Every structure is written in structure tokens, then in C-alpha cells.
Amino acid sequence: MNVDDILLRAVDIEKSFSGVKVLKKVGLDIRRGEVHAVMGENGAGKSTLIKVLTGVYPRDEGKIFFNGASVTINSRQDAKDLGIAVIYQELSLIPTLTVAQNILLGQEICRAGILDNGAMKLAIRKLIETYGFSLNPDAIVETLSIAQRQTVEILKALSMQSSLIIMDEPTASLSVKESENLFQTIGALKKRGVSILYISHRLEEVYRLADRLTILRDGERIAVLSQGEINPRDVIRLMIGKELRQSEHAGRMRPSRPEVVLRVRNLSRRGVFSDISFDLHRGEVLGIGGLVGSGRSEILHCLFGSDRPDSGDILFEGKPIRGTVSRNIRSGFGLVPEDRRTQGFIPLLSMKRNIVLTNYDHLVGRRLFISGKSELAMCRDAIQRLDIRPANSEIHAGNLSGGNQQKVVVGKWLMRDLKMLLIDEPTAGIDVGVKEDIYALIGELAEKGVAVILVSSDLPELLRISHRILVMRKGRIFREFSEGSVSQEDVLKAASGIQDREIESNE
Amino acid sequence: MRQETIRRLFSLLLLSILIVAFGATSKLFLTLPNIFTLLREASVTGILAVGVTFVIITAGIDLSTGAIVAFVAMVCANIFYYTTLPVWVALAAGLLIGAGAGYLNGLLVTRLHLPDFIATLSTQGIFRGLALIIAIRSSTGSISNKVITNQGFLLLGDRVSVVYLVTIAFFVVALLGQGILKMTPLGTHTYAIGSSRKSADLSGINSDRVKKVAFTISGICSAVGALFLTARMQTAIPELGTGLEFDVIAAVVIGGCAFSGGRGDVFGSVVGALFMAILTNGIYKYNLPAAFHIIIKGCVIIIMVIFDSVYHRRMDDRIRKAGKMLDQAAAAAEAAGGGAGGIS
Chain A
1 MNVDDILLRA VDIEKSFSGV KVLKKVGLDI RRGEVHAVMG ENGAGKSTLI KVLTGVYPRD
61 EGKIFFNGAS VTINSRQDAK DLGIAVIYQE LSLIPTLTVA QNILLGQEIC RAGILDNGAM
121 KLAIRKLIET YGFSLNPDAI VETLSIAQRQ TVEILKALSM QSSLIIMDEP TASLSVKESE
181 NLFQTIGALK KRGVSILYIS HRLEEVYRLA DRLTILRDGE RIAVLSQGEI NPRDVIRLMI
241 GKELRQSEHA GRMRPSRPEV VLRVRNLSRR GVFSDISFDL HRGEVLGIGG LVGSGRSEIL
301 HCLFGSDRPD SGDILFEGKP IRGTVSRNIR SGFGLVPEDR RTQGFIPLLS MKRNIVLTNY
361 DHLVGRRLFI SGKSELAMCR DAIQRLDIRP ANSEIHAGNL SGGNQQKVVV GKWLMRDLKM
421 LLIDEPTAGI DVGVKEDIYA LIGELAEKGV AVILVSSDLP ELLRISHRIL VMRKGRIFRE
481 FSEGSVSQED VLKAASGIQD REIESNE
Chain B
1 MRQETIRRLF SLLLLSILIV AFGATSKLFL TLPNIFTLLR EASVTGILAV GVTFVIITAG
61 IDLSTGAIVA FVAMVCANIF YYTTLPVWVA LAAGLLIGAG AGYLNGLLVT RLHLPDFIAT
121 LSTQGIFRGL ALIIAIRSST GSISNKVITN QGFLLLGDRV SVVYLVTIAF FVVALLGQGI
181 LKMTPLGTHT YAIGSSRKSA DLSGINSDRV KKVAFTISGI CSAVGALFLT ARMQTAIPEL
241 GTGLEFDVIA AVVIGGCAFS GGRGDVFGSV VGALFMAILT NGIYKYNLPA AFHIIIKGCV
301 IIIMVIFDSV YHRRMDDRIR KAGKMLDQAA AAAEAAGGGA GGIS
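Those protein sequences? They're chains A and B, same order as listed.
For the first sequence, my numbering begins at 1 and goes up steadily by one.
For the second sequence, my numbering begins at 1 and goes up steadily by one.
Worth flagging that the hints you see were computed from the coordinates, not collected in a lab.
Check each hint, because a few of them may be wrong.
[Stated by the list, open to error] In silico lysine to aspartate or glutamate, EDC-like type, Cα no more than 20 Å apart, as pairs: (1) K51/A with D201/B; (2) K182/B with D5/A; (3) K126/A with D116/A.
[To be verified] Just a few of them, taken from the derived set where beta-carbon distance is under 10 Å, the chain A residues facing chain B: (4) K80; (5) S92; (6) I94; (7) L97; (8) N102; (9) L105; (10) N117; (11) S256; (12) V260; (13) F304.
All values derive from a computational prediction rather than experimental measurement.
Cβ coordinates follow ideal geometry from the N, Cα and C atoms, glycine included.
Start from the sequences and build out the full structure, keeping to the hints where you can.
So this is what it looks like as C-alpha cells:
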């Protein structure tokens with residue numbers, strides 16, 4: 001390998017968060033004008049690596065060389081000065097300004113203190129033409145599609161003479177056609193010698209775009225593959241690690257009881273998911289797997305009534321549900337949302353108030369006032385059943401640990417006659433002990449006949465507690481696993497869009 | 001069509017409805033003297049509105065403008081009563097105090113991180129209190145409103161042929177304001193921090209500086225308004241400009257600035273100020289109770305704000321349908337990645 005070809009080289013990067021090593025002696029080298037992909041499961045350390053490279057997190061150990069020189073990157077500005085740009089989805093654009101104003105924001109061209117609009121437009125037009133984009137410099141950003149905004153972000157990076165552009169899941173919110181345009185853009189950048197660090201969960205994209213691929217697992221660099229060596233089977237195997245293919249890590253699907261609680265038919269929400277149909281049975285845990293952004297959480301919100309589908313039917317116990325969240329709660333729905341802090345509980349209210357919040361209908365009854373005693377009794381009940389610590393009903397929910405916060409969120413639904421629980425990434429950011437408690441709880445609920453829909457990106461979790469698994473891909477149900485043994489590999493393949501009949505032979 | 005464009009057409013439409021309605025039903029309304037009176041009535045509110053436009057575009061609010069008017073007026077009255085200093089000293093002192101008062105608002109908001117509403121509500125009290133303290137008192141201690149006799153200063157309240165000086169000042173200030181907004185980097189940055197503070201910071205813009213400048217401009221505009229108002233009244237009273245800040249904010253909002261920031265411009269605020277003046281003027285012409293004026297004003301503001309939210313909902317809908325909900329996906333990736341990272 002020619003040393004001059006290396007644009008960025010990171011050596012032995014280490015990073016820990018509160019004693020947990022997230023990056024272990026990770027190395028990365030990116031050549032000039034190459035598309036370098038990084039893949040790994042959730043928690044493999046991809047995001048942390050990017051944040052170290054762009055100065056968001058300081059690194060604990062290791063060295064970074066840029067253009068052959070050792071550099072220190074302590075802030076976003078440092079990274080920017082070197083010519084490292086990150087495409088932050090729409091975050092770093094100003095919606096009410098024009099394309100040209102956005103690209104040159106903070107580096108406007110002036111003559112005697114007055115904006116030189118002619119010169120600015122000329123510069124932007126030149127930039128746009130160089131890369132062959134179709135974009136009007138005078139268009140207002142808020143009127144553009146997400147894909148066009150991304151192009152503006154890329155142009156902004158280019159206007160700052162960036163030689164390395166980091167793209168983190170750039171196609172997560174693009175349609176197929178828009179993704180295609182992005183790939184062409186990436187091709188044009190490559191031709192001009194710009195390097196791209198491409199983070200994606202989508203195998204087929206990496207397969208198509210990447211010159212080389214670095215695979216991370218549990219904070220370590222497992223492999224660097226060059227274009228010819230990238231094939232789906234090996235990549236998945238390297239990402240999961242061999243030991244996980246053993247049978248104890250596979251989930252055994254269970255037959256469901258005949259009684260249908262929820263029937264969903266052709267549910268669609270434009271641009272988010274389409275044509276979703278499934279049945280949910282009494283006492284069943286239905287797992288929904290798939291990549292982040294494949295429309296899973298949005299389905300839960302539609303079922304719960306906090307979002308509206310554009311078309312399709314939802315039947316609960318044979319009757320169509322139409323309606324508001326409060327009516328659904330009264331019929332026995334519960335939701336444990338993914339974003340716990342902003343949707344799951346109210347941080348500034350006490351644990352007690354959080355638990356009784358959804359249950360005032362039971363507590364108040366026909367009386368006018370709430371009895372403090374019954375509130376406290378309910379809270380005590382929840383604390384005992386869920387083993388919430390500390391067992392102090394007056395503590396602000398926001399001051400509890402993540403795991404205990406989640407117990408509070410689950411707890412408020414347990415205090416009523418629950419028939420269906422929708423639960424979204426229940427153990428994200430939760431320590432192992434509480435995780436087990438939550439799994440046990442879900443099992444217990446199912447045992448009692450509650451129908452559970454579980455959305456999870458944590459594959460071992462999904463496989464372990466689901467009775468049946470649906471895998472979503474780009475807003476559609478791509479595969480259903482309803483019998484036999486299912487491995488992580490099977491789910492990952494389905495989530496990446498690989499139809500593989502081979503699984504039957506594993507059984 | 002862009003929100004700004006629709007809003008502009010909408011406020012111009014309301015303005016013309018008002019003009020046509022009053023013009024068609026009153027012989028006095030569309031006469032030259034009445035038009036110039038009307039412009040004079042719009043001018044002080046308008047001058048203040050130019051400054052407040054800057055603050056509202058940064059997604060802020062300025063409640064202290066009316067109190068700054070009183071304070072500046074009182075300082076001038078003191079200078080003329082106790083000294084024989086030339087006129088320009090009084091004018092310079094007034095403008096400096098206005099700028100200082102605005103800068104103080106900016107400091108409270110950026111250094112002490114007070115919300116704009118609280119910061120300027122507090123300084124409103126402080127400035128008006130200061131005006132009361134320095135008010136000229138008789139030997140018994142009661143406030144006596146001395147008449148200002150400095151002929152040079154009183155020229156500000158005068159007119160050139162039929163046009164009042166204050167109206168000319170209004171248009172000059174408005175042109176300057178629009179120029180700063182649309183033709184300088186500062187203007188672009190004002191929109192940027194109001195529309196998306198975080199993105200502006202990521203682009204290397206010093207948001208605190210822009211915010212301070214916006215408040216200072218608002219303070220200076222209040223001072224300019226105060227000078228003309230004092231000259232016309234030929235005296236200063238501590239209650240001068242009480243409630244004026246609400247007329248000013250109403251004018252700015254009617255003119256198309258969104259409270260959420262990042263939208264609107266000075267031209268719109270000029271239209272808003274004219275609208276308010278015409279409304280008042282017309283209602284007096286009809287001898288309707290003053291209550292009508294404030295009720296209509298309230299209704300118009302509600303309509304404008306409803307318009308903004310409807311527009312935003314439609315825009316969000318369009319974008320949602322064009323692609324996917326990006327924020328959610330990004331947040332989900334963050335939560336899932338961070339969470340799993342903690343336990344691996």
C-alpha cells in the first residue's frame with residue numbers, strides 16, 4: 001500500500017465510558033478518493049468512532065494522522081479545519097434560508113460590509129455545476145426534500161474544502177430513487193478525490209459502494225475487506241461472531257393460541273410504512289425486527305392511536321378502533337415508547353404521580369377528589385411488584401436510574417386491566433440486572449394472556465422473548481418467522497433484504 | 001409558495017381591505033391631511049417595530065421598548081430643564097441610553113441565560129422606575145411635567161411642508177433596518193439563529209453576539225421613537241409609552257414575523273404598523289368605542305398565528321410524505337446505539 005495514498009489513519013483508538021471500554025485499540029485507514037464503509041451491530045462502536053474522529057468525544061488512547069501528519073482533534077472546529085465534514089441529516093441547515101445562504105453561512109462573501117450576492121451565487125453555481133447536481137441556489141431549504149437537503153449538506157462540506165466526508169446512515173430516510181441519486185453523488189465525489197466514510201446497516205449499499213469495508217464488533221476491528229471480498233454471508237458472520245451461531249443463541253418460535261386480539265389489515269402511512277397486515281393473539285409476544293428507520297416504532301404509535309394511518313384497518317377484539325389514546329387506554333392498551341424520557345414518563349413528577357397518571361379513572365371512580373391514600377397504595381403495589389429502587393414514592397422519576405425509570409413506565413400499565421402491551425426497545429440503555437427483570441415481566445404478562453408487541457434492535461433479546469417474529473424492511477413486512485428455530489443471522493439477513501431459503505437446512 | 005410570500009400578500013390584503021372599507025365609507029379618510037396624520041400616527045410604533053423585528057426574528061421578544069421610550073424621554077427633559085447644553089448632546093445622550101438599555105437586555109439573555117420574556121419584563125420595570133426617579137419634581141415632591149422650550153429639539157415634532165419629520169425618520173429607519181437584514185452577513189445570521197440556533201452554532205456563528213446586536217438595535221430604535229414622541233408632546237411624563245410595546249409586537253406579528261423566529265422582515269413590520277394606525281384612525285372616525293380597536297387587533301393576531309401553525313403542519317406533512325421522519329430515525333439510532341454501547 002502506498003503510504004501517500006492514505007488520507008486519514010487512526011491507530012489504536014481507545015475510548016471508555018464510565019469504565020466500559022467501547023473502543024478497544026481500533027484502527028482505521030482511509031485512502032484518498034475511496035469510499036470506506038464501516039459496519040457493525042448496534043453497540044459495536046461505530047458511532048463512538050465517528051465521534052472521536054470529529055472531535056465530539058476526546059479519545060483516551062491512540063493517534064490520528066491526517067495527510068501523514070499527526071493531528072489532535074479536540075472539537076468539531078478542529079475537524080472542520082482539517083477538512084473532515086459530517087453530514088448531519090437536516091440538523092445543520094437553516095430551514096428558512098436559501099440554499100446559497102446555507103452553504104455559505106458563516107463564510108459569506110462581502111464587499112465593504114455588504115453581501116456580494118452576485119459573487120456568492122456565482123460561487124455556488126460553480127460548485128453545483130462541478131459536481132453536476134440539480135439544485136437551485138435560491139431555493140428555500142424548508143421547501144426541499146430530505147434528499148435535496150442532504151445534497152445541500154454535502155455542498156456545504158465541499159465549500160469548506162473538505163477532503164473527507166463522513167456519512168452516517170445517509171439513506172435511512174431516503175426513498176429508493178433518492179438513494180440512487182445519493183450514490184451517484186458519491187461517485188462524483190470519489191472521482192474528484194474526496195474520501196467518504198460510509199456508515200450503514202444496509203448490506204446491499206455497502207456491497208455496491210464500498211471500496212473497502214471495516215467491520216467492528218464489540219469495540220474491536222474484526223476485519224478489513226476490500227471490494228472483492230465483500231459478500232453478504234461473510235459480512236454477517238463477521239459482524240455477529242461465530243460463537244453466536246450456536247443453538248442457545250437462537251430463538252425457538254412457539255405456536256400461538258387461536259384467539260386473535262388484534263387484527264391489522266393493509267395499514268399504511270405514506271412515506272413511513274405500507275401494507276402492514278398481521279394478527280396478534282392472546283398471550284403472544286410478537287417481535288418486530290428490522291433496521292432502525294424501517295417503520296417499526298411508527299406502527300406502534302398508529303396502533304396506540306397517537307399517530308394516524310393514512311389507510312388500512314385495525315380491529316381490536318373484532319371491533320375497529322378509531323380513536324383517541326385515552327379511549328384506547330380504557331380498552332386495555334399500553335405503550336412503552338422508545339424515547340423514555342420525553343414520551344414514557346414525566347421527569348419532574350414524582351414516581352407516585354407517574355404511576356397513577358394513567359390510572360385516575362380507577363382511582364377517582366365517582367368521587368370528586370383523589371384520595372392520597374389510594375395513590376400511595378397503588379404506587380406501593382407497583383414498587384413491590386416491579387422491585388423499583390429506591391422504594392421512595394416521592395422521588396422525581398427523572399432522578400431514577402434508566403432501568404428503574406423503565407420499570408415506572410411499565411408499572412403504570414400493570415396497575416390496570418391490560419390486554420395489549422406495545423413495547424418499543426424496552427432495554428435500551430438499561431443495565432443487565434434490570435433487563436432480566438423486564439424480560440421476566442414480559443413473559444409473565446404473556447402467561448396471563450396479555451398480547452405483547454415487542455420492537456427491538458437487540459437481536460438476542462428479540463429472539464429470546466418473541467413467540468413469533470416479523471422482520472420489517474423499508475416500511476414493509478419482509479419476512480415472518482413463526483416456527484422452528486431462528487438465529488440472529490436469519491433476522492439480519494431478512495432485515496438486509498436477503499431472501500434465504502437455506503435456514504431450513506439449519507434445523 | 002413560500003410562507004413569507006403568502007404572509008406578505010395576506011397582510012397587504014388585510015391592509016387594503018381596511019383602506020377600501022374606511023375610504024369608501026368616510027369622506028374624511030382618504031384626504032391628504034388625514035393620510036399624513038395617519039402616517040404620523042404609524043411612525044413611532046413603526047420605528048420601534050423595526051428594532052423589535054430584529055429581536056423577534058432571533059426567536060426572541062422585547063417587552064421593554066415602551067419603558068425605554070419613557071426613560072430616554074425623561075433624560076432629555078432633564079437635560080433641557082437643568083442645563084443649556086446644545087440639542088445634539090440631548091439627542092446623543094438619548095440614543096446612547098437606548099443602545100445601552102438594549103445591550104443590557106442582550107447581556108441578561110446571553111450571559112445570564114434569562115429567557116427573553118423574563119429578562120425584558122424585568123428591565124421594563126427597571127427602566128420605567130428609573131424614569132420615575134429622574135422625573136422633574138416640584139418643591140412639594142410631586143411630579144411636574146415641565147414644557148420643553150428648546151426650539152431646536154422641538155423641530156423634530158415639526159413637518160416639512162405636509163410630511164411630518166417623524167414619518168421621514170420612520171422610512172429612513174425602516175430602509176436601514178431592511179438593508180441590514182437583507183444585505184449584510186449580520187442579517188443572514190439573525191435569521192439563522194432564529195430559525196435553528198444549533199445549526200447556526202455548528203456553522204460557526206456567534207449566536208450570543210448576534211442576539212446582543214439585535215437587542216441593541218431594538219434599544220436604539222426605541223430611543224429614536226422616544227425623541228420624536230417627546231418633541232411632539234413638548235414634554236416628558238414617566239408614563240410615556242405605557243403599553244406601547246404590545247402595539248409594537250402586534251405590528252411585527254401582523255407584518256409576518258413568526259414568534260418561532262427566522263421569518264419576516266422590516267417591510268412586513270411597516271405594513272403592520274400602518275395597519276394598526278389605520279385601524280385606530282378609522283375607528284375614531286366612526287366614533288366607535290375604543291374597545292373595537294383592541295378587539296379587532298386581537299382577532300387579527302389570532303388569525304395570523306393560526307395561519308403560521310396551519311402552514312407549518314402542511315409543510316411537515318409534505319416533507320413526511322416525501323421521505324421518512326428523519327428526526328425520529330436519527331433519535332432512534334442514537335438511543336439504540338448509545339444504549340447497546342453501554343452494556344456491551
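Interface hint for I94/A, Cβ within 10 Å of any Cβ on chain B: holds, 5 Å
Restraint check, 10 Å cut-off on beta carbons, for S256/A near chain B: violated, 27 Å
Hinted contact F304/A with chain B - closest CB pair below 10 Å: Violated, about 15 Å.
Pair hint outcome, K182/B versus D5/A [Cα-Cα no greater than 20 Å]: The hint is violated at about 45 Å.
Restraint satisfaction for N102/A [CB to CB of chain B, less than 10 Å]: Holds - the Cβ of N102/A comes within 10 Å of chain B, reaching about 8 Å at its closest.
Satisfaction of hint between D116/A and K126/A, Cα-Cα up to 20 Å: holds, 16 Å
Hint status (Cβ of N117/A to nearest Cβ of chain B, threshold 10 Å): This interface hint holds because 8 Å falls under the 10 Å limit.
Hinted pair K51/A and D201/B, Cα distance within 20 Å: Holds: K51/A and D201/B sit about 18 Å apart, inside 20 Å.
Hint check, V260/A versus chain B [nearest Cβ-Cβ separation less than 10 Å]: violated, 29 Å
Interface hint outcome for L105/A [beta carbon to chain B under 10 Å]: holds, 4 Å
Residue hint K80/A, partner chain B, criterion CB-CB below 10 Å: holds, 8 Å
Hint status (Cβ of L97/A to nearest Cβ of chain B, threshold 10 Å): For L97/A, the interface hint holds, since the closest Cβ of chain B sits about 6 Å away, which is under 10 Å.
Consistency note: the structure conflicts with the earlier hints numbered 2, 11, 12 and 13.
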